[in-house]
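Enquirer: Sequence:
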Amino acid sequence: MISQLQTIQPLNPSPNHLNHLIHIYQDGGDSALCQELASHPQWLNGQLMEVIKESKDNPPWPQEDYGQTLYHLGNAYQHPAQLAESPSQNRVWAATCYRIALEIFRPQSFPAECLKTALALGDLGVEQGDWQMALDGYYLGIAAIEQQRTQLLNLQETQTLLAKSLHIQKQAVQAALNL
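Per our numbering, the sequence shown starts with residue 272, numbered consecutively.
Honestly, the hints are just simulated from the structure, not real lab data.
Just so you know, nobody snuck in bad clues.
Quick list of simulated restraints, FRET-style, between CB atoms: (1) S359 with Q430: 34 to 40 Å; (2) N425 with S359: 39 to 45 Å; (3) T431 with Q379: 19 to 25 Å; (4) Q430 with L450: 28 to 34 Å; (5) D328 with E428: 32 to 38 Å.
A virtual CB, placed ideally from N, CA and C, is assigned to each residue, including glycine.
Given these sequences and hints, build the entire structure.
Expert: Shown next as structure tokens:
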């Protein structure tokens, strides 16, 4: 397995390479690689978090691709957190990825992407008992829903949006009460 990691290093921050690696890590498509990355979080964190921090204001690829990469990376960081492998640090990195992705996925410009990322941040905040983080995520989610409501939607999309809206509003009220 180490030889596979060595063939990946040094990490080339291209959208295809990062998205492929993150999907493998998140989905466990290659469970051996996933386990190796999870057992050596400093390899993944050290490389990807540096790329994220250095390129926050000037992403190395189109912003939408960068935002998707950050969203998937946030999800990937939650995977080891759920397995109790460095949960607090992984959740911090997940929140960081979601927050930077939300700087790209604004409700007015990318409402669908904003909604899914805001939901992820809000739900992560609820899981951690970080009510301000939850409200931050849900507030942006509500704004994204309002933006999407102005667009033409079919019946199925409308029902899905309504379900998400009910979830976000319920969770936002609960987070506000707990704050």
